[in-house]
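Chains A and B, in that order, are what the protein sequence lines are.
Taking my numbering, the leading residue of the first sequence gets 104, the next gets one more, and so forth.
Taking my numbering, the leading residue of the second sequence gets 8, the next gets one more, and so forth.
Covered stretches of chain B, going by a simulated chain A footprint (3 or more residues, C-beta under 8 Å):
#1 44-56
#2 59-72
Among chain A residues calculated to face chain B with C-beta under 7 Å, some are:
#3 Ala-122
#4 Ser-125
#5 Ile-126
#6 Val-154
#7 Phe-161
#8 Ala-170
#9 Thr-174
#10 Gly-176
#11 Leu-177
#12 Ser-179
#13 Thr-183
#14 Tyr-187
Hint data in this document are derived by calculation from the structure and do not stem from the laboratory.
In this text the structure is predicted, and so the values were computed from the model without any measurement.
Just so it is clear, CB atoms sit at the ideal spot from N, CA and C, and this is done for glycine as well.
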Amino acid sequence: MSLLDGVKAAVLLFVAAIAQVSIFSQAHVFGAVPDFLLVSLVALALLRGSVAGAVGGFFAGLLVDTASLGTLGLTSLVLTLAGYWIGRYGETTGRDRAHAPFLSIAVVTVLYELGLLVVHFVLGESAPAAAVVRSLVPAIVLNLILTAPVYALARRLLRPAERAELSEEVQLLG
Amino acid sequence: MAPPSRSARAAVLASSVQRSKPTPYPSKARSALIRRTVVVVLVLVALTLVTISFRSPTAGALHDIQGAGSTALRPFQIAATRVAQPFRDAYNYIDGLTTAKAENKKLKKELIQYRAAEIRASAAAAKEQQVERLLHFERLPSFPNDYRAINAEVTSFPSGPFTHTLTIAVGSSAGVRLNSAVVSGYGLVGIVSNVFPDTAIVTLISDPDTFVAARDLRTRVRGVVGTGAGGTLILDHVSKTEVVRQGDAIVTDGTHNARYPSLYPYGIPIGRVSAPPGVTDTANFLQVQVQPFANLGSLDAVGVLVPTHQRR
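Only chain A is shown next, with the shape it has when bound in the complex:
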C-alpha cells in the first residue's frame, strides 16, 4: 500500500468516523443505527487486506471512542478484529467475488454487534442483549443498503490491489 493510498484510506476512515459519531448515530431506523464506519472499514479491508483493515479499524475505533468520550480502546478492539478478519477474507476466499462486500457486511455486522455486546458485558456495563438481537436484522439491512455506494466510493479512492500485493497463503474455493 502506497503512502498516497494510506492517506486516502485515513481520510476515508476519518470522515466515516466523524460522520458515524455526528450523523449516523442519531439516525434510528427500526431500532437500529446504520454503521457507515463499519461499512467503510470493510470496504478498505477488502480492497487493501488484513493489515490495512486491522490498522484502520484500530485507529477508526480510537477516533470513535475519543469523539464519543466512551471507554477508550473498546471500539478499537472490536474494529481491529473485524478489519483483520474481513481483510483475510478479501485476501483469500472473497477475492474477485462480486458478492464479497455484501456477504462481509452481513456477517461482520452480526459479529460486530455481538462482539460489542460481549465486551460491554465483560466490562460490567449495560449490555441489553434482547435489544441488540432485535436490532440485528434492521442493522444488517441498513448496512447492506450503504454497502454498494460506499464500496464503489472506496474502489474509486483506492484502486484494487494487485495480486502480488496481497497475501497468497490461502485461496479457497467458495
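Starting from the structure of chain A, add chain B where the hints point.
Okay, now just chain B, sitting in the frame of chain A:
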C-alpha cells in the same frame, strides 16, 4: 529388493519415501509474521487502553488525552452536524408527515375509547347517586317499621309504552317475596309480581292494573293511586268535598284493617299533586293528577321491602 510374491509396483508403493519439508518462500512467511504481529500488537494495545480507561475513567493521563482529542475533534463533529442538518430536517419533516397519519388514527381510536370510558363513568356515577339516595331513604325515620330493604340492581327496563315492568337481580334466594313493595331512593316504584330464584319482576305503579291506597300527607285525605287517561298517575276516589292542593305530597296509606292488609306499608312517598284538582259535574270524584317522585323510566337500583317478621 522386492519379495517374489510382490510386484515391483507394489514394492514401490509400499516403500516409505522421505519427502523433503516444504520450505515456505521467505518473503511470504515474513509477510504472515508481520501481519500476525501487527494484529496481535493492536489487540494488546486496545486491551491495554480498555483496561486503563476502565480503571480510571475520570482521571489520569489517558483521560486528559481523550479529552484533548475530543476537543480537537469537536469542530469536525460540529461541521458534520451542520452539513447533515438540512438532510436531517428533511427526514424529520417527511417522517413527521408519515407518522402524523398513523398518530391521528391512533388518537382517534383513543378518543373513542376515552369517550366510552367517560360515558361508563357517568353512568356509574348516576347509578351511584341513585344507590346513595336509596340508602339514605332506608335510613330515614319515615322508613317503614318492621320492614327491611333488599337492595337490587335493575337489569332490564320497561321497553316501551305497553310494558310497565322491570327485572331486578335478586329473587327468592335473597328473600324477595311475591307482592313485596319496591322503592327507589325517591319513592314508591311498584310491586313484585313474579319471583324467580335469582331475579324478580317488578310491576310499576304506572301499570294500569296497579292500585295503591294513598293519602294526602297534609290534608290526610285518602284515595287510590292508579293510572288515569293518557297513562298519568291520578289520585282517585277522593270526594269532591275533600280538599287537595297542588304540591301536596301523596304517600302510601298502609293497612287500616287487619282483615284486608295493604301490600304497601304506610308512609312511602308516591308523588306530588301536579295540577289543581279538576272538578266536573258528571264525575263523582276529584280529578287529582300525581307526578311520581321516582323516575320510573330510569331506575338503576331499587329496594325490595320485606317484613322483618314472617307473616302467617
